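Visitor: Note that the protein sequences, when read in sequence, are chains D and G. FYI, the working numbering numbers position 14 of the first sequence as 14, with every residue one higher than the one before it. FYI, the working numbering numbers position 95 of the second sequence as 201, with every residue one higher than the one before it.
Read the hints as simulated data drawn from the structure, not as lab findings. Honestly, I wouldn't trust all of these hints.
To be verified - Quick list of in silico lysine-lysine cross-link-like pairs, BS3-like style, CA-CA up to 30 Å:
#, chain 1, residue 1, chain 2, residue 2
1, D, 33, G, 530
2, G, 293, D, 33
3, G, 279, D, 33
4, G, 857, D, 33
Small disclaimer: the values here were computed from a predicted structure and weren't measured.
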Amino acid sequence: MARVVLVGNLAQVTGGVAEFHLPATSVQELFRKLGELHPALAPHLETGVAVAIDGQIFQDALLEPIGTDSEVFLLPQIAGGSGGQVLQSDISRRAAPRQAGENVGM
Amino acid sequence: MGEANGHSKTNGHSYVGTRQIRPDGVDKVTGRARFGADYNLPGQLIGRVLRSPHPHARIISIDTSKAEALPGVKAVITRDDFADQPSEFIPAGEMMMNYKDVVRNVMAREKALYEGHAVAAVAATSVAIARRALKLIDVKYEVLPHVIDVVEAMKPGAPLLHDDLFTVGVEPKPEKPSNIAKRVEIKQGDVEAGFKKADVVIEREFKTAPVHQGYIEPHAALATVSEDGATELWTTTQGHFIVRAHCARLLGLDMGKVRVTATEIGGGFGGKTVVYLEPLAIALSRKAKRPVKMVMSREEVFKASGPTSGATVRVKMGATKDGKFVAAFAELKYQAGAFQGSPVQPGTMCAYAPYDIENVHVIGYDVVSNRPKVAAYRAPGAPIAEYAVESVVDEIAKKLGLDPIELRMMNAAREGTKAAYGPKFGPIGLEETLNAIKKTEHWNTPLRKWQGRGVASGFWFNIGGETSVSLTVNEDGTISLMAGTPDIGGLRAALTSVAADELGVPYDKVRPIIGDTGSLGFNFLTGGSRSAFSGSMAIVEAAKQIKADLCARACKLWEAKPDQVEFSGGYVKPLGALAEKVKPMSIADFAKVSGKTGGPIGGVGRINAQGAGPSFGTHLVDLEVDPETGRATILRYTVAQDAGRALHPAYVEGQFQGGAVQGIGWALNEEYIYGSDGKLQNAGFLDYRMPVASDVPMIDAILVEVGNPRHPYGVRGVGETPIVPPLGAIANAMENATGIRFTELPMSPPKVLKALKEKGLNKA
Numbered sequence: 001m002a003r004v005v006l007v008g009n010l011a012q013v014t015g016g017v018a019e020f021h022l023p024a025t026s027v028q029e030l031f032r033k034l035g036e037l038h039p040a041l042a043p044h045l046e047t048g049v050a051v052a053i054d055g056q057i058f059q060d061a062l063l064e065p066i067g068t069d070s071e072v073f074l075l076p077q078i079a080g081g082s083g084g085q086v087l088q089s090d091i092s093r094r095a096a097p098r099q100a101g102e103n104v105g106m
Numbered sequence: 107m108g109e110a111n112g113h114s115k116t117n118g119h120s121y122v123g124t125r126q127i128r129p130d131g132v133d134k135v136t137g138r139a140r141f142g143a144d145y146n147l148p149g150q151l152i153g154r155v156l157r158s159p160h161p162h163a164r165i166i167s168i169d170t171s172k173a174e175a176l177p178g179v180k181a182v183i184t185r186d187d188f189a190d191q192p193s194e195f196i197p198a199g200e201m202m203m204n205y206k207d208v209v210r211n212v213m214a215r216e217k218a219l220y221e222g223h224a225v226a227a228v229a230a231t232s233v234a235i236a237r238r239a240l241k242l243i244d245v246k247y248e249v250l251p252h253v254i255d256v257v258e259a260m261k262p263g264a265p266l267l268h269d270d271l272f273t274v275g276v277e278p279k280p281e282k283p284s285n286i287a288k289r290v291e292i293k294q295g296d297v298e299a300g301f302k303k304a305d306v307v308i309e310r311e312f313k314t315a316p317v318h319q320g321y322i323e324p325h326a327a328l329a330t331v332s333e334d335g336a337t338e339l340w341t342t343t344q345g346h347f348i349v350r351a352h353c354a355r356l357l358g359l360d361m362g363k364v365r366v367t368a369t370e371i372g373g374g375f376g377g378k379t380v381v382y383l384e385p386l387a388i389a390l391s392r393k394a395k396r397p398v399k400m401v402m403s404r405e406e407v408f409k410a411s412g413p414t415s416g417a418t419v420r421v422k423m424g425a426t427k428d429g430k431f432v433a434a435f436a437e438l439k440y441q442a443g444a445f446q447g448s449p450v451q452p453g454t455m456c457a458y459a460p461y462d463i464e465n466v467h468v469i470g471y472d473v474v475s476n477r478p479k480v481a482a483y484r485a486p487g488a489p490i491a492e493y494a495v496e497s498v499v500d501e502i503a504k505k506l507g508l509d510p511i512e513l514r515m516m517n518a519a520r521e522g523t524k525a526a527y528g529p530k531f532g533p534i535g536l537e538e539t540l541n542a543i544k545k546t547e548h549w550n551t552p553l554r555k556w557q558g559r560g561v562a563s564g565f566w567f568n569i570g571g572e573t574s575v576s577l578t579v580n581e582d583g584t585i586s587l588m589a590g591t592p593d594i595g596g597l598r599a600a601l602t603s604v605a606a607d608e609l610g611v612p613y614d615k616v617r618p619i620i621g622d623t624g625s626l627g628f629n630f631l632t633g634g635s636r637s638a639f640s641g642s643m644a645i646v647e648a649a650k651q652i653k654a655d656l657c658a659r660a661c662k663l664w665e666a667k668p669d670q671v672e673f674s675g676g677y678v679k680p681l682g683a684l685a686e687k688v689k690p691m692s693i694a695d696f697a698k699v700s701g702k703t704g705g706p707i708g709g710v711g712r713i714n715a716q717g718a719g720p721s722f723g724t725h726l727v728d729l730e731v732d733p734e735t736g737r738a739t740i741l742r743y744t745v746a747q748d749a750g751r752a753l754h755p756a757y758v759e760g761q762f763q764g765g766a767v768q769g770i771g772w773a774l775n776e777e778y779i780y781g782s783d784g785k786l787q788n789a790g791f792l793d794y795r796m797p798v799a800s801d802v803p804m805i806d807a808i809l810v811e812v813g814n815p816r817h818p819y820g821v822r823g824v825g826e827t828p829i830v831p832p833l834g835a836i837a838n839a840m841e842n843a844t845g846i847r848f849t850e851l852p853m854s855p856p857k858v859l860k861a862l863k864e865k866g867l868n869k870a
């Protein structure tokens with residue numbers, strides 16, 4: 001199972017739990033499983049994190065594979081992201097916008 | 107330079123790694139290149155912005171009737187012309203942003219939050235009429251107390267900018283609003299236990315001033331909106347697709363109806379990743395039904411476009427007597443300007459990234475005050491944090507009697523080191539940059555009295571991101587290359603080299619252009635040191651498609667099987683027995699028969715580039731202090747940085763040199779100076795002192811090339827790291843020259859002279 005570590009303020013959303021061992025084969029599956037464990041984490045995973053898999057940082061890469069023994073860190077977004085993508089999905093109103101008070105300072 | 111230092115090998119490629127002439131160079135040196143303000147349309151109007159004279163004021167009312175009645179005025183816009191936006195954070199530009207704030211920053215709504223905040227805008231038939239119209243707009247303000255300093259803004263009872271801003275990242279959630287937008291934290295190991303193992307502990311507090319990106323070309327935009335809502339915009343920007351997205355969102359437009367062209371750009375450095383004039387020009391054009399051109403004055407650039415944060419930083423580091431760092435703590439308080447969103451998060455992550463330290467704890471605060479909203483500036487947040495850390499590292503070296511390079515080498519992050527922000531590094535080149543600096547003649551040259559030498563290292567993550575390019579084979583066999591990220595630092599030359607090598611054609615047979623938003627798929631902006639990294643990956647993909655297509659056509663023409671042909675050296679070549687029957691065909695040969703073999707030939711690369719490799723650098727600087735005036739003169743400067751692989755060494759060196767020079771300005775002179783009235787006192791280049799050519803020596807650049815295994819050519823981004831080490835390196839050189847540890851930037855002559863006088867050192 002992959003070892004998953006939340007970096008920075010994300011652990012505030014999980015009640016202080018910062019480390020997980022989860023059987024996920026992709027970033028998408030990892031996000032889904034984390035969201036099921038901690039629903040409050042889900043909106044942050046949608047827009048606010050980068051993923052480091054075995055030392056390599058990925059951004060906006062839901063389909064990136066995760067190995068059985070991978071070490072995965074969820075990090076604050078690093079100088080980047082896609083304004084266009086977010087806007088397109090916003091037009092389709094995929095979810096209620098995050099309110100300022102819900103942000104954990106990622 | 108790079109070649110003199112044994113780098114820039116071509117490794118079998120004809121053009122990658124060589125110093126080809128910049129395709130856009132001739133137009134730029136002859137003045138033919140068209141920058142933002144060079145664009146005009148028939149019948150265009152001139153747009154001007156009315157800005158708040160107050161640093162903090164409630165807007166009671168705005169009466170535009172007299173301005174609208176003035177002959178020649180065709181449109182006036184205010185807050186009422188922009189729909190409010192919900193509070194929603196998105197990653198945009200190089201930092202997170204919130205559209206609720208963006209709509210208020212482009213046009214003040216409830217309050218004006220800084221001097222220069224846009225309050226209204228007009229479009230008129232001449233500049234004179236537009237200026238007169240601004241004077242006729244009657245804005246009634248209720249002036250409010252203001253706060254400029256970050257520490258003052260954090261105090262209970264400080265003037266409050268936003269009554270709905272509650273600090274996030276703290277438990278329990280605050281019951282009262284404050285100017286502290288968020289608290290962020292990076293933590294690993296046990297810092298307190300680490301400090302107990304330390305033989306030496308140094309703790310210092312540092313202050314840095316906000317500095318502007320200082321791009322030579324002011325913001326400019328030209329918009330035209332037709333009766334059916336089709337919108338065209340020409341603007342100087344680092345990312346025209348991002349501009350399209352922001353304008354569509356703020357004005358309720360379909361993206362497909364908005365076509366944005368990025369003009370040539372006279373510098374951005376992160377400051378042109380956001381919108382200021384663009385939505386105003388479109389809104390005015392929509393209202394006036396004529397094209398509208400808007401250009402900022404330099405004063406407006408200073409007062410109303412983002413500088414980077416000023417900050418207060420406390421650093422505490424512990425080391426054993428043999429020099430091993432065992433614990434590191436830092437507290438960063440960054441100014442965000444009038445709206446939340448300083449680069450404090452990357453500051454926390456970068457602060458200790460160059461070092462292998464088991465116990466690290468960094469806390470950051472994002473603080474609003476009555477200043478213009480900060481924008482990204484090269485390696486946002488990193489120079490401030492790493493300046494403070496590198497100053498303390500130097501003090502530890504001095505206290506332990508260790509060589510500062512050896513101390514850094516002993517603690518340097520290497521492949522496999524667990525970064526302070528979590529993951530392990532892959533192959534990185536910090537150690538190589540330290541070694542390169544140590545071997546220089548510069549490092550081993552003696553100094554005289556009042557001269558000092560400083561060294562510092564720095565780090566930036568680098569990113570990839572969404573990128574689209576196209577390669578088209580023209581009828582004569584030449585290649586048209588289209589990229590969608592504005593060319594700021596030699597992108598066209600770098601991508602042309604890659605395309606020429608991939609397709610095996612001469613460099614001058616590939617002509618690159620920057621396409622508009624209607625010509626390519628989405629491109630994230632030029633920033634994050636990503637455009638050459640991501641663009642070259644996309645070019646490789648596009649070239650692959652062309653090569654595969656040509657091989658397929660050859661198979662049909664030659665009635666051959668796929669394994670009987672190959673593409674190499676610009677030709678599709680027959681293999682084996684087939685080679686005796688047919689001759690190889692060049693790309694130009696295929697171009698001649700493209701219509702007969704399936705139609706136009708081309709390829710597109712559409713990728714979300716991953717695998718950006720971090721870049722580390724080490725800077726070495728000599729300076730001399732004049733004890734009578736306090737002025738520091740930079741005598742000599744050497745940059746060593748890991749570029750992975752330099753696609754175009756001259757432009758990589760240019761990035762190193764430019765970052766060093768901007769860092770020199772940040773360290774020695776640049777600062778926003780506010781009066782007690784909360785107004786900026788030095789909004790012009792005469793009073794805001796940036797380095798000019800005569801202020802700096804030739805910057806020596808050493809290309810270190812530790813290949814990035816995730817890139818087909820080994821490329822790492824190079825644009826941001828060079829601005830990270832200069833602040834610390836220069837502070838360390840000042841200490842070496844004067845014996846005084848300066849903990850406040852800029853180290854301008856008055857401050858240096860004052861410190862020298864206090865120590866009785868102000869005589870040669």
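Visitor: Each of the hints needs a verdict: does it hold here or not?
Guide: So, going through the hints one by one against the coordinates:
| no. | hint | result |
| --- | --- | --- |
| 1 | D:33 with G:530 | holds (24 Å) |
| 2 | G:293 with D:33 | holds (25 Å) |
| 3 | G:279 with D:33 | holds (27 Å) |
| 4 | G:857 with D:33 | violated (56 Å) |
The structure is inconsistent with hint 4 alone, although it conforms to all the rest.
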